[in-house]
Amino acid sequence: MRRFQTLRGYLFLLPFLVFFIIVTVYPVIYGGYLSLFGQHGARMWFVGLSNYKSVFTDLLFWKGFGIPLFLLFVQVPGMIVIAIFIGLLYERVRHSMVYRLIFYLPYAVPGVVAGIIWSYIFSKSMSPLVALWKLFGATDPEFITLTSVRWILLIIILWEWTGFTSLIIYSTLVSIPKEYAEAAEMDGATWLQVSYFIKIPLLRNTVFVLFIFNIFGAMQVFNEPMMLAVLLTNMPPNFTPAMYIYNQAFAYGAFTYSIAMGLVLAAVIFVVSFFFMRQSMKELDIHA
Amino acid sequence: MKTSHRARFEVILILLSLYFIIPFYWLLQSTTKDIGQLMQGTFVPGVPNHFIDNLVGVFTYNRGVFIHWLINSFLYSGVGSFVGTFFAAMAGFAFRRYRFFGRKFLFILILGFALVPQFATALPLFIEFKNFHILNTSWAFIVPSVLNIFGVYLMVVYWNQVPEELFDAAMIDGARETTIFLRIGFPTILPGVTTVLLISFVAIWNNYFLALIMLNTYKVFPLILGITRISSSSGWPVYNLTVMGAFLTAFPLLILFITLQRFLAPQLTGAVK
Numbered sequence: 000m001r002r003f004q005t006l007r008g009y010l011f012l013l014p015f016l017v018f019f020i021i022v023t024v025y026p027v028i029y030g031g032y033l034s035l036f037g038q039h040g041a042r043m044w045f046v047g048l049s050n051y052k053s054v055f056t057d058l059l060f061w062k063g064f065g066i067p068l069f070l071l072f073v074q075v076p077g078m079i080v081i082a083i084f085i086g087l088l089y090e091r092v093r094h095s096m097v098y099r100l101i102f103y104l105p106y107a108v109p110g111v112v113a114g115i116i117w118s119y120i121f122s123k124s125m126s127p128l129v130a131l132w133k134l135f136g137a138t139d140p141e142f143i144t145l146t147s148v149r150w151i152l153l154i155i156i157l158w159e160w161t162g163f164t165s166l167i168i169y170s171t172l173v174s175i176p177k178e179y180a181e182a183a184e185m186d187g188a189t190w191l192q193v194s195y196f197i198k199i200p201l202l203r204n205t206v207f208v209l210f211i212f213n214i215f216g217a218m219q220v221f222n223e224p225m226m227l228a229v230l231l232t233n234m235p236p237n238f239t240p241a242m243y244i245y246n247q248a249f250a251y252g253a254f255t256y257s258i259a260m261g262l263v264l265a266a267v268i269f270v271v272s273f274f275f276m277r278q279s280m281k282e283l284d285i286h287a
Numbered sequence: 000m001k002t003s004h005r006a007r008f009e010v011i012l013i014l015l016s017l018y019f020i021i022p023f024y025w026l027l028q029s030t031t032k033d034i035g036q037l038m039q040g041t042f043v044p045g046v047p048n049h050f051i052d053n054l055v056g057v058f059t060y061n062r063g064v065f066i067h068w069l070i071n072s073f074l075y076s077g078v079g080s081f082v083g084t085f086f087a088a089m090a091g092f093a094f095r096r097y098r099f100f101g102r103k104f105l106f107i108l109i110l111g112f113a114l115v116p117q118f119a120t121a122l123p124l125f126i127e128f129k130n131f132h133i134l135n136t137s138w139a140f141i142v143p144s145v146l147n148i149f150g151v152y153l154m155v156v157y158w159n160q161v162p163e164e165l166f167d168a169a170m171i172d173g174a175r176e177t178t179i180f181l182r183i184g185f186p187t188i189l190p191g192v193t194t195v196l197l198i199s200f201v202a203i204w205n206n207y208f209l210a211l212i213m214l215n216t217y218k219v220f221p222l223i224l225g226i227t228r229i230s231s232s233s234g235w236p237v238y239n240l241t242v243m244g245a246f247l248t249a250f251p252l253l254i255l256f257i258t259l260q261r262f263l264a265p266q267l268t269g270a271v272k
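Line by line, the protein sequences are chains A and B. Using numbering that gives the first Met the number 0, read the first sequence as starting at 0 and increasing by one per residue. Using numbering that gives the first Met the number 0, read the second sequence as starting at 0 and increasing by one per residue.
Just so you know, the hints here were simulated from the structure itself, not pulled from any lab data. Since the model is a prediction, treat every value here as computed from it, not as a measurement. Keep in mind that the hints are not guaranteed to be accurate.
Stated by the list, open to error - Here are the computed lysine-lysine pairs in the DSBU-like style, where the Cα-Cα straight-line distance is at most 35 Å:
no.	chain 1	residue 1	chain 2	residue 2
1	A	K62	A	K52
2	A	K52	B	K129
3	B	K129	A	K123
4	A	K133	A	K123
5	A	K198	A	K177
6	B	K103	B	K218
7	A	K62	B	K129
8	A	K52	A	K133
What the hints assert, rightly or not - Which bits of chain A does chain B cover? Going by a derived footprint, with three or more residues having C-beta under 8 Å, they are:
no.	stretch
9	38-51
10	59-68
11	80-94
12	125-134
13	197-209
14	237-249
15	257-266
C-beta atoms are modelled at their ideal positions from N, C-alpha and C, and glycine is treated no differently.
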């Protein structure tokens with residue numbers, strides 16, 4: 000009977016498994032193998048762990064983490080706090096449905112399109128903000144510069160994801176039994192107190208999951224910076240680690256090196272999220 | 000609660016709405032402008048309205064390559080999402096129904112690999128496809144798109160909600176396993192299937208990185224990659240056509256999201272308690 004189960008089980012699993020192996024398992028293993036080779040054009044020779052040594056001493060690679068870390072410490076907590084605030088507001092305002100839809104729509108826009116729209120909005124030539132700036136007497140403003148581009152990135156990413164995040168939080172809030180808040184209000188608690196002491200603690204699990212997904216996204220950010228690079232022509236190739244990996248592979252042709260970098264990036268992401276998961280589990284007392 | 004509080008909140012939400020809506024509005028009114036008007040940076044639609052001109056321009060750009068991009072996007076997203084979702088449903092069914100050797104291990108393995116970022120797999124995948132000579136073809140894009148690990152996870156959740164009695168009844172009626180899956184189980188989890196289908200459709204439609212790596216010839220580009228390559232002979236983007244292309248790329252998704260809300264965002268129009 001068990002053999003019947005095994006046969007049937009694998010039969011149904013097979014199509015997915017085939018693609019899973021071709022697209023994920025084999026590349027990871029093959030990548031690990033390839034990363035042990037030096038490479039120039041079509042020639043490859045065994046170099047052992049030399050690529051990894053180079054990755055760890057590659058300043059450009061590690062400097063590129065500036066942007067994901069910026070997002071990690073500014074965008075992720077900021078967005079989650081704002082989204083919690085908005086989620087709470089959804090419960091309290093008339094026409095909540097309209098706001099929910101409006102805030103959510105940017106999520107439907109592809110990252111590339113969002114990057115194009117916002118980079119054009121801030122561009123020197125097409126920006127409607129230029130007229131506004133000139134009103135205040137400034138001449139010929141340049142919005143997208145090497146120093147400002149991370150803030151523009153912040154604006155874009157907040158625009159894309161806050162609505163979606165606030166909706167997820169709202170879903171969790173809505174499932175909190177009304178009685179908790181009502182009992183507290185009857186005892187004289189203000190909206191602020193109810194929110195802070197009752198609702199927010201119950202959001203912990205949701206916020207935890209949101210953090211993990213956002214960490215993943217922040218560390219791998221690629222699409223939006225690539226679109227900004229079209230208008231910021233002096234954007235360095237290592238602006239984000241993901242961009243640097245791409246450029247090493249396709250602009251400089253250093254394939255095996257970038258594969259090694261990709262694996263290191265994956266390891267870094269894993270370490271960061273693991274560290275965060277452990278921290279949160281300690282503080283929030285979540286049982287895995 | 001105090002009315003003054005509520006009014007304050009409304010104001011905040013209205014201001015936030017501006018932030019979220021203005022880019023949409025800017026995009027829409029920009030599609031009506033030619034390059035000269037775009038360079039003026041105004042906030043109102045172009046006065047000689049160039050929407051049709053931009054539309055024509057986009058579709059005639061580079062000897063009509065745009066229509067290929069459009070067809071490709073629908074093809075890749077359609078095939079990838081339908082096939083991928085079906086395979087995910089089969090996989091979820093396998094985990095739900097059969098206690099097979101290595102079941103727990105495989106499940107953890109599959110979920111574990113979901114954590115591997117695209118960067119670690121895309122480059123070796125590139126070389127793998129190069130060795131099989133399918134690089135720069137539709138297959139190089141479709142095959143990875145079919146894989147939907149998160150979909151399998153969701154399918155397991157949905158299948159677990161199907162009561163055992165349903166399967167028992169079917170077995171008593173002498174149904175074969177494939178019939179149980181296709182004719183009885185599948186319709187039961189149809190809402191969940193639809194959700195996974197839509198999510199994967201959108202994800203494939205938006206997948207810029209995969210297209211960028213795998214595809215080199217304009218004719219096989221999906222929209223998401225093609226619109227970033229609309230450029231003049233000097234190498235700079237043709238801004239008004241790019242804007243129109245961006246609009247046309249986002250528009251189908253917006254329609255999808257607005258009309259099929261209940262599958263993609265259940266709490267969107269649910270009533271406030």
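Here is what the structure says about each hint:
no., hint, result
1, A:K62 / A:K52, "holds (16 Å)"
2, A:K52 / B:K129, "holds (27 Å)"
3, B:K129 / A:K123, "violated (41 Å)"
4, A:K133 / A:K123, "holds (12 Å)"
5, A:K198 / A:K177, "holds (10 Å)"
6, B:K103 / B:K218, "violated (43 Å)"
7, A:K62 / B:K129, "holds (31 Å)"
8, A:K52 / A:K133, "violated (51 Å)"
9, 38-51, "violated (count 0)"
10, 59-68, "violated (count 0)"
11, 80-94, "holds (count 7)"
12, 125-134, "holds (count 6)"
13, 197-209, "violated (count 0)"
14, 237-249, "holds (count 5)"
15, 257-266, "holds (count 6)"
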